Structures are given as C-alpha cells and as structure tokens.
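Chemist: Sequence:
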Amino acid sequence: MNHFNTNKKNWLTFRTEIWICLFLCITTLSVYIQVIDHGFTSIDDNIYIYENANVIGGLTKNNIAWAFHFTQKGDHTYYHPLSLISHMIDCHLFELQPGKHHLVNLFIHLTNTLLLFILFRIMTKSIWRSAFISAFFSLHPLNVDTVAWIAERKNLLSTFFWFSTILAYYYYSQKPGLPRYILVFLLMMAGLLCKPMLVTLPCVLLLLDFWPLERIQFSHILPIRKKIYLILEKIPLLGLSLIWSYLSSLSMSRLDLTIPIDWVPLDIRIANAIMSYTIYLHKMLWPYDLAIYYPYPSKLPPIWQITCVIVFLTLISVFVLRTMKKMPWMAVGWLWYLGTLLPVLGLVQNGLWPKIADRWTYVPMIGIFIMITWGISEILKGSSKKKNTLIVLSNLFLIIMAITTWNQIRYWREDIKLFSHAVDVTENNVVAQSNLSYALQKQHRYAEAIPHFLQALRLKPNSEIFHNNLGNAYTKINNHKEAIKHFKEALRINPVAADPHNNLGNALQRLGKFEDAFFHYSKAIEIKPENESTYYNVGLLFEKQNRMSEAIEYYQEAVQKKPDYANAHLALGNVLFKIGMIQKAETHYVNALKTNPNLTEAKTNLDIIQSYIKKIDTSVHRINEQIIQTPKNHLLYYHLGELYEKKEEVSAAFVQYQKANTLEPFFIPAIQRLAILHAARKEYDQSIFYLKQMIKFQPEVNKHYYNIACIYAKQDNIKESILWLSKAIRRGYSNWQTIKTDPDLKNIRKTKDFKTIMETNYREK
Numbered sequence: 000m001n002h003f004n005t006n007k008k009n010w011l012t013f014r015t016e017i018w019i020c021l022f023l024c025i026t027t028l029s030v031y032i033q034v035i036d037h038g039f040t041s042i043d044d045n046i047y048i049y050e051n052a053n054v055i056g057g058l059t060k061n062n063i064a065w066a067f068h069f070t071q072k073g074d075h076t077y078y079h080p081l082s083l084i085s086h087m088i089d090c091h092l093f094e095l096q097p098g099k100h101h102l103v104n105l106f107i108h109l110t111n112t113l114l115l116f117i118l119f120r121i122m123t124k125s126i127w128r129s130a131f132i133s134a135f136f137s138l139h140p141l142n143v144d145t146v147a148w149i150a151e152r153k154n155l156l157s158t159f160f161w162f163s164t165i166l167a168y169y170y171y172s173q174k175p176g177l178p179r180y181i182l183v184f185l186l187m188m189a190g191l192l193c194k195p196m197l198v199t200l201p202c203v204l205l206l207l208d209f210w211p212l213e214r215i216q217f218s219h220i221l222p223i224r225k226k227i228y229l230i231l232e233k234i235p236l237l238g239l240s241l242i243w244s245y246l247s248s249l250s251m252s253r254l255d256l257t258i259p260i261d262w263v264p265l266d267i268r269i270a271n272a273i274m275s276y277t278i279y280l281h282k283m284l285w286p287y288d289l290a291i292y293y294p295y296p297s298k299l300p301p302i303w304q305i306t307c308v309i310v311f312l313t314l315i316s317v318f319v320l321r322t323m324k325k326m327p328w329m330a331v332g333w334l335w336y337l338g339t340l341l342p343v344l345g346l347v348q349n350g351l352w353p354k355i356a357d358r359w360t361y362v363p364m365i366g367i368f369i370m371i372t373w374g375i376s377e378i379l380k381g382s383s384k385k386k387n388t389l390i391v392l393s394n395l396f397l398i399i400m401a402i403t404t405w406n407q408i409r410y411w412r413e414d415i416k417l418f419s420h421a422v423d424v425t426e427n428n429v430v431a432q433s434n435l436s437y438a439l440q441k442q443h444r445y446a447e448a449i450p451h452f453l454q455a456l457r458l459k460p461n462s463e464i465f466h467n468n469l470g471n472a473y474t475k476i477n478n479h480k481e482a483i484k485h486f487k488e489a490l491r492i493n494p495v496a497a498d499p500h501n502n503l504g505n506a507l508q509r510l511g512k513f514e515d516a517f518f519h520y521s522k523a524i525e526i527k528p529e530n531e532s533t534y535y536n537v538g539l540l541f542e543k544q545n546r547m548s549e550a551i552e553y554y555q556e557a558v559q560k561k562p563d564y565a566n567a568h569l570a571l572g573n574v575l576f577k578i579g580m581i582q583k584a585e586t587h588y589v590n591a592l593k594t595n596p597n598l599t600e601a602k603t604n605l606d607i608i609q610s611y612i613k614k615i616d617t618s619v620h621r622i623n624e625q626i627i628q629t630p631k632n633h634l635l636y637y638h639l640g641e642l643y644e645k646k647e648e649v650s651a652a653f654v655q656y657q658k659a660n661t662l663e664p665f666f667i668p669a670i671q672r673l674a675i676l677h678a679a680r681k682e683y684d685q686s687i688f689y690l691k692q693m694i695k696f697q698p699e700v701n702k703h704y705y706n707i708a709c710i711y712a713k714q715d716n717i718k719e720s721i722l723w724l725s726k727a728i729r730r731g732y733s734n735w736q737t738i739k740t741d742p743d744l745k746n747i748r749k750t751k752d753f754k755t756i757m758e759t760n761y762r763e764k
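Okay, so the sequence shown: first residue is 0 according to numbering that gives the first Met the number 0, each after it adds one.
Please keep in mind that the hints were generated in silico from the structure rather than gathered at the bench.
Just so you know, these numbers come straight off a predicted model, no measurement behind them.
Dumping the calculated DSS-like pairs for lysine-lysine here, alpha-carbon to alpha-carbon at most 25 Å:
hint : residue 1 : residue 2
1    : Lys298    : Lys459
2    : Lys681    : Lys577
3    : Lys749    : Lys702
4    : Lys416    : Lys282
5    : Lys324    : Lys233
6    : Lys527    : Lys441
7    : Lys593    : Lys560
8    : Lys645    : Lys583
9    : Lys645    : Lys681
10   : Lys487    : Lys512
11   : Lys99     : Lys60
12   : Lys695    : Lys713
13   : Lys614    : Lys646
With the sequences and hints as input, model every part of the structure.
Modeler: As structure tokens, this is what we get:
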C-alpha cells in the first residue's frame, strides 16, 4: 500500500512538473513570439552577422577555422567562437532572414528557462519555488535585451552552458568521479567559448556547495580533508577562469577596444560600479525606462549617494551573512548577485562601454530571484490564507511582468523605434542619437535625421564621423553649403579620413566644381585605395565632362574592386553603350542585374541592346547577300565594317574597311576608320600612314593634322608632334580647350615649344 501511495505521489509530482514546463513554454512563446517579425539591429548585429562575410558564408571548414582562430590585429570580433559558429549555422539554414535568427534566440531562451526550472527542482526538491524563479527569469523585462537582440546569442548560449555545467556539477557532487568532473570542466569551457561571463562560475559552484547542495554545513564541522577537497576540486575550474580572463583581455587589446584609465578615471569606474548594484535592483523592481544603451557618466555622482549605496549594500551583506545558518538562500542569492556582476561592472572597460546594461543581469539577477522566492515562502510558511494570497499576488505579478515585457519587446522591432525609445528615456545619449539618425537616413528620412545628428554633435563636437554623416544628410536634401561645411570640419578633425574627402568630392561635383571635386577624390583614393565607391564617383565626374575613356577607366576599377557593385556595372554599361561598345555594355548590364534585379534602367537598356544586336545580325546577313550580287561595291564593304564594329568584332571590321579601301582608294570614310582602329590598337605607325593618306585627298582639313600630332605625342615623338600641331594651327585649328586638356598631348604639354605655340597663337586668338 505504501509502495502504491509512493508511486501515486511520484506520478502526481511528475505530472505537475510537466504542466509547469508547458506553462513556461506557453507564456514565454506568447510574450516573445513577436520577434519573428523583427529585423536586425544596427549595433553588433552588423559586425557579428549581416556584414560578416565568414558568418554569412555559413558552416564551412574555412569559416569554422576562422571562428577558432584567435583574435589578431585588424579583426573585428573578439574571441567567442561557438557563438559565431551558431550564427554561421543560422546563415547556413536561413541565410539573412532575421525573423528565423530571432526564433533561434527565443528557442535558446526557452531552453534556458526549462533548464533553470529542472536545475533548481533537482537541487532544492521544491517544485513551486523553482517554477517561480524560472517564470521570473523567463518573463522579466530586463531580459528582453538578451532575447530580442540577435547579437546577444553569446549571452544565451553561455547561460545554457552555465546551467548545464551546474547540472553536471550536481551529479558530480552526488557521486564524485573523474568522468563526471571532466564533463563539468568541458561544459564550462564550452560556455567560455561562447562568452567569458562564466569566469565567476567556480565561485558560484562553491556557493551551491553551501546551499542547496549542502556539501558545506554549519551543523557539524567538516573534516580538514573534506574542506581541502572542496577547494582543490575548484582549482582546475578557477585556473580555466584565469586563463580565459587573460585571453579575453588579450583579444580586446588586439582589437584596440580596451579603454585606458586616462580616458575614464578609476574613481569614476569604482563609483559607477558601486552605484550599478542598486540601479540594477531598482530596474528589477521597477522595470521601466529600459534602453539598449545607457550613457556612461563623465563625472562622479554626489558623495552622499555613493555613501548611501555603500551603507545599503553593507547592511544587506551583514544581514545575509548573519542569518546564513537559518536562511542560507539569502546569502547564496546575494553573493550570486554581487559576484556574477563583478566582471561587467566596468572596472576594466572595452569598446562602447555603457553605464549599465540590462543584458548583463541575465544570470546575476537569478540570485535576487532566489532571495525573493525563498524569502517570501519563508515569511508565509504555515499560513494557508497567506499562501492563497501569495498565489494570487504571484499570478498578478507574472501577468504584469508579461505585459511589460511584451511592450518592451515591441521597441526592438526596428532601429527607429529602438533608438527613439532610448532617446526618450535617457539623457545626453550620444549613442542613441547617432544611431537614430543613421536609422532615419537608411529610410531616406534625411530632414528628420539632421536634428538628431546635431544633438549627437552637441554631445560629441569633435566627432569626425558625426560631421561626415551630417554632411551626407545635408547633401541628400540639396543643402550643399551646409554639407561642405561639415565635411570640411570632419577633415579638420581628421585630415586623413577618406570618407569625408569622398563625400566632399560628391558635394563639390553637384555644384559643378569638378577640379576641386577631383582633388578630394584623389585624396580619398590615396588614403583608402580599396574603396570602390570613390572610383565610381570619379567615373561619374568624368562622364559629366564627356571624358568617356577616363570614366570607363574608373568605373572598371570600381567593379574590379567590388565585382557585385551593381551601380558601377550600370554606369559602365551606360558609357560603353554611348560610345557604341554595345556587347561590352551588354555584359555589364547583365552583371548589374545579377546583383540587383530591380535596376529598371539596366533591364531597359539590356533589352534595347539585345534588340539592336538582332537588327545588326539581320543587316549583316542582308549586306552579305548583296555583296554576292555586286562584289565590287565598296560601300557595301564599308557598311559591313561599320556593323562589325558596332558588334565590337574589330578584326572583321578591319577586313571590310580594307576591302572598301582597295576597291576605292579615295574613299575617305574607310581610310578614317582604318586610322582610328589602328590607333585604338596602339598600331601608331599604321594609323599615321592612313591619316597622311587622308591629307593627300583633304589637305585643307586641319583636324587630320591635329590627329597626327596626337599620335606622335603618344609615341613620345615630341619633335614631330610639335611640327604637326603647328601645321594644324596654321590651317585654322582653334579648339584651344581641347589642346590644353587632351590627354593625348600630355607628353608635349610641358615642353618649351608647346608653351611657345600656346603663347604665340592663343594670345593672338
């Protein structure tokens, strides 16, 4: 009978546990499922995911090797390989569909919630208290950052291994042995490979030895051997923590992210660390005005505030230590909270370090949840009326938390909402202001972005980046005067910044100041030669000046540096189309459409070209049939040559022009095309031969003399070039702007004879 009752009790307990797990799943999913419609966040998501070629490339041997390769100078991410690999798996399975990346985060958070329940259920044997801690953990608004921010995968995964390590440690504590200890060690290492936050875990395990594992008890004195063993078994784990602390510090320093003491003084760091403990407690009890980023203080808080906080923390610490025999959970919970927050208090700072961060409480706040849950249960112990009141209040509290969390998640839907909220609930938040302005710019809401850039500049007036981006916003609304002012200010702050030079070139180009624009483009290329957009902009500049050969050169450089640069392929295709190189133009239109199928102009021009080529083929076929009928008609061969040239079949065009010239030696158009084609192939002697043939038949045409001068200049034959240029001028050639700027005459332009020609003839003109 007793056996039956025991089995029945076990079955009821198991069924209760299943219902609790279902409740946790349903509530967590109900509150967080909205993240499926969320996008990427512009902070960190770009570095870790959508702008990281190795991550986007998915799960490959090379990408996995890259993830485990320790941080080197020039890298962009600190060392946390397992988290990066998890992002690779997402990209491998879902590509860059942010909703599915968010669902993976949600699944891991749900797994952590269930693990936390199972862990405390096993360790404490208490079902409902474990359930409440897990519900608190699952639904508290402070944890929204960690779940709704894809880049915080590292926090979720490291917590998964944190709980898994404790679970393995529990089984080890029940029956110590090397295999079980190795499992604890490996799980902790896996967690550290996700995020260094686990460095405090060995100390937490020591706390758990006291409660709830009760390996350390005050009721009787432990043998010395037992005490030594409890300490010695933590040494490998502590050693692992020390090694990882060093590796993490080294990784950050190689990224140049470590903030030196002279930037943020030690007294401010210590004061902020002390204040953080109470700020987090306040946000836990009153989770409103939560933000993605809280600006770091620039000065010490009032001494009285620091004193009050120190007294408050001391009183609680004294209380929990004095009552630790009677209420061990109070001491464990409080020390869990104090200790696990220590690595993120900012005594050592890296990167864009905030005053506080909600995501940093994901694990530490469990300590406070322990204190609240077991503390309230202790107060209400033995009173059924109080227990009923507690049940009602607990459910009401969970509902309020769920609603608050639901609302907080909504801010994470997209950047404008996220950073607008941060601007609203914080003061002097330069990070929120600047990121809000970037988000508005992305949506082409430039006029709305400008006030936020101005606010960011008010807070950080010597930011070259802010001046540059504000200049871009002014450019987009055609306020080029203000744009130029901010680009120049950016260059005053940092004269070797490539982007302001490039953007200043754009603004000057729009004002028609081509020489000044080219100067700044040249500076940008000199500083950052790998930047394809600058070459593209120079191509646009030359195209506006009808300097097509130079435009082609720069567009080609742009697509060489970035083969999937759709706009550069389109622009290059357009220029080639204009000068009749239709087949090359066709290739670039095809490449543009591969990258961006929505480029209407490329599609339209491609259709025109393909239709044009079909017409040319039809014409070629028709003329060939006519040649069979009248093989001595030089005009047919000439027109056939033109058609082949349009198809860029230059060799075939040569043959037809030569046939036309043979049949009719005085036919100038054929001679002219032969001269031009030879020059294009750098066969300068043959080109000069045909140009001189033209002079025999048209001695009065000054352009022929000028062209010969250009060919001789390209051959570095200065004497002949000057001679033929003089002949051209004597015969009335007077396009002085061309003479002064024609790149073909570059080799003679600095000579004394050229200057004499210009001084004599240009003045007379």
